[in-house]
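Asker: The primary structure of each chain is shown beneath.
There are 2 protein chains.
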Amino acid sequence: MDPRIREHAEVVVNHSVGVEPGDDVVIDAHPVAEDLVTALHEVLADIGANPLVVQQRTGKRFRRAYLRNADADFDLPDHEMALFEAMDSYIAIRGDANVTEESDIGGEVQSAYSQARQPLTEERLGKTWCLTQFPAAANAQLAEMSTEAYENFVFDAVLKDWDAVREHQAQMKTLLDDADEVRIVSGETTDVRMSVAGNVTLNDYGEANLPGGEVFTAPVPDSVEGEVLFDKPVYQRGHEITGAHLAFEDGEVVEWSAEKNEDVLTELLTTDDAARRLGELGIGMNRDIDRFSYNMLFDEKMGDTVHLAVGRAYEATVGEGNEQNESAIHVDMIVDMSEDSRIELDGEVVQRDGTFVFEERGVE
Amino acid sequence: MDPRIREHAEVVVNHSVGVEPGDDVVIDAHPVAEDLVTALHEVLADIGANPLVVQQRTGKRFRRAYLRNADADFDLPDHEMALFEAMDSYIAIRGDANVTEESDIGGEVQSAYSQARQPLTEERLGKTWCLTQFPAAANAQLAEMSTEAYENFVFDAVLKDWDAVREHQAQMKTLLDDADEVRIVSGETTDVRMSVAGNVTLNDYGEANLPGGEVFTAPVPDSVEGEVLFDKPVYQRGHEITGAHLAFEDGEVVEWSAEKNEDVLTELLTTDDAARRLGELGIGMNRDIDRFSYNMLFDEKMGDTVHLAVGRAYEATVGEGNEQNESAIHVDMIVDMSEDSRIELDGEVVQRDGTFVFEERGVE
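As they're listed, the protein sequences go chains A and B.
The working numbering applies: residue 1 is where the first sequence begins, and numbers increase by one.
The working numbering applies: residue 1001 is where the second sequence begins, and numbers increase by one.
Possibly wrong hints are sitting among the right ones.
[What the hints assert, rightly or not] Far from chain A, by Cβ distances over 10 Å, these chain B residues were calculated:
| hint | residue |
| --- | --- |
| 1 | F1062 |
| 2 | L1159 |
| 3 | K1160 |
| 4 | E1181 |
| 5 | D1222 |
| 6 | E1262 |
| 7 | R1291 |
| 8 | T1355 |
[Unchecked claim] Chain B is nowhere near these chain A residues, computed Cβ spacing over 12 Å in every case:
| hint | residue |
| --- | --- |
| 9 | A138 |
| 10 | E255 |
| 11 | W256 |
| 12 | G303 |
| 13 | D340 |
| 14 | V349 |
| 15 | F356 |
[What the hints assert, rightly or not] Heads up, simulated BS3-like pairs for lysine-lysine below, C-alpha to C-alpha not over 30 Å straight-line:
| hint | chain 1 | residue 1 | chain 2 | residue 2 |
| --- | --- | --- | --- | --- |
| 16 | B | K1160 | B | K1173 |
| 17 | B | K1173 | A | K60 |
| 18 | A | K60 | B | K1127 |
| 19 | A | K160 | A | K127 |
| 20 | A | K260 | A | K232 |
| 21 | B | K1060 | B | K1127 |
| 22 | A | K232 | A | K60 |
| 23 | B | K1060 | B | K1232 |
| 24 | A | K127 | B | K1127 |
| 25 | B | K1060 | A | K127 |
| 26 | B | K1173 | B | K1127 |
| 27 | A | K127 | A | K173 |
Treat the hints as calculated values from the structure; they're not laboratory data.
Yeah, the Cβ is synthetic: ideal placement off N, Cα and C, and Gly gets one too.
Input sequences plus hints: build the corresponding full structure.
Answerer: What follows is the structure, encoded as structure tokens:
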């Protein structure tokens, strides 16, 4: 086994999740990630924690078979809920045999399924959890990379000095925590303002997401005004949405379009009312992720990018007394900030063309 | 996909388990059985039941990694228990990448692990369950067959007229239910007597086991006297035990030996006190299973065989007021009854050289 897989497992268990002796852990993984799941069992045995392997969100072929044969009247499964209520922590491993496995499921049935299972999502997000990546061949293919190059890409992004990352990013967290209004401008196509007043900025240094490498908060739902053209493709439900454009008024998406797969974008935005409001503003700060790989777990952390998510806001980013956007979806979309771009906080530029005020590029 | 896989899934769901709309189903399967798990999702979606896929007993590589790194002080995992308590039914699919995956785990740690998890086993056996087989290459290899020949062997055994099987076997069930003492004689090496008075004979026509094809009951634990040489190998913990010989006094195994892997037999028999007493007497009646395949799910159903299990008795076979043997193990071992053999009930021969009194071989 590649020794980096064992190191990866150690980072997940010891840094990301912080598993304690006796903890009951659920590992959700596709069989392509078998080596990482095996290494996780070694590390969890050392600690004396109890793993159970499931294929739930990762069982895409099974879910496709199920959803193509089901009517749209879904129950909340008691046994999955009981499992999630009783577990201490949850490790989800991305890694597929075919990333487009779900491309021929109807959007309506997918939405109905997601909505019926939302209490499961809530329960899971209330536990300590980590979402990470195994460098499977299909994911390498999606990234247009050889499997070996993709392995190097994933392990470089995952096996980092996460304490150093935390310190670097803390500078941006402080700026955002102190700010009321955020304005994001990029070229002629993106100019959007939103309030983050009272909300909480989180510093992601490889805990719930591995790799980490962003700071993120929640916009005040009704405050978003302006328009955004997302430069990077969005990969959802087995489809690539490119050139997504959203226009906001009073916090709501009032117009939308896409160059490719606009119907998928429409399905997402019409899942529920909150699917047309923002749930997240994130600043990508991980410059070791130096290329787009059609995988939001990595793409949203890329240096010199900003991402906005429609749908669900993370509870921990919503300040006391502020409204939490609650939706069955959470879809991140990325704006490239490396050229002709700026982030302003309360009228002050804190990032221009990818360089933050607290750093000098080229001398890092 | 081989259309027999979909038929197999239909037999499991509709005949073996009898899944109802809304049922919460756990499917325990190794990735080699992916096609059958996919077909099960199609069938369960038709019914409106809720599947969750786990790798628990089937995750042998994971368990090996865990047990080789664990100390012998195991918890009962709350999350697995909560899942089992909440599920309505449980489908376990045999099928491995490597059937000897657990051959280098210490027997002591295996026993400690089994014992700590016994409440999980009890909970699972209290639900509607089905253990079936996917014809994976490794299992074909164990049976010393090509994969295609093994596929035919498995599907022929599974896709049967189970109503006809039930009627045929009911004749032997009636005889056993009416009997007090069973005597099994084979050659010079096996002559064992036991009481089954008050216990219940079950007719296995493909419900909890698929393939089915046996009738079975529980011996009264203290009543077993005599000795047995098991003609067929026993495959346990990745090892083949051959020529196992047990001598019983007052129901207890007082002497044992084996030609090969006697130490594995010793580990099994010393798991707990009840591991040295019988938990099952079974009569194999499925003549479509016409060869030994090193797989007890099939082997114990072979026509012209009898099997005895040391360890746990199935609760449903124990009559009211009779003692149930309770152990962390249940290990079946087979006696060939095709030649120089007879089964006597209360002194009357009911089977001689494989032919039952209620049938005439050759004219079936």
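Asker: Do the alpha carbons of K232/A and K60/A lie within 30 Å of each other, as the hint requires?
Answerer: holds, 24 Å
Asker: K260/A and K232/A were given as a pair; does the straight-line alpha-carbon distance stay at or below 30 Å?
Answerer: holds, 12 Å
Asker: Taking C-beta pairs only, is V349/A more than 12 Å away from all of chain B?
Answerer: At about 49 Å from chain B, V349/A clears the 12 Å cut-off, so the statement holds.
Asker: The output says W256/A does not contact chain B. Does that hold with a beta carbon cutoff of 12 Å?
Answerer: Since the minimum Cβ distance to chain B is about 32 Å, W256/A lies beyond 12 Å and the statement holds.
Asker: Looking at K1160/B again, its CB stays over 10 Å from all of chain A?
Answerer: Fine: 25 Å to the nearest Cβ keeps K1160/B off the interface.
Asker: Do the alpha carbons of K127/A and K173/A lie within 30 Å of each other, as the hint requires?
Answerer: Distance ~23 Å between K127/A and K173/A Cα, so the pair holds.
Asker: Grab the minimum beta-carbon distance between L1159/B and chain A and tell me whether it stays above 10 Å.
Answerer: At roughly 20 Å from the nearest Cβ of chain A, L1159/B sits farther out than 10 Å, so the non-interface label holds.
Asker: Quick check for students: does the CB of D340/A sit more than 12 Å from each CB in chain B?
Answerer: holds, 48 Å
Asker: Verify that the Cβ of E255/A lies farther than 12 Å from every Cβ atom of chain B, and report whether the claim holds or is violated.
Answerer: Nearest chain B Cβ is 37 Å from E255/A, so the label holds.
Asker: Tell me if the straight-line CA distance from K1060/B to K1232/B falls inside 30 Å.
Answerer: holds, 24 Å
Asker: Would you check whether the claim that E1262/B is not at the interface survives, using Cβ distances to chain A and the 10 Å cut-off?
Answerer: holds, 29 Å
Asker: Against the 30 Å threshold, does the CA-CA distance of K1173/B and K60/A hold or violate the hint?
Answerer: violated, 45 Å
Hint check: violations occur at hints 1 and 17; the rest are consistent with the structure.
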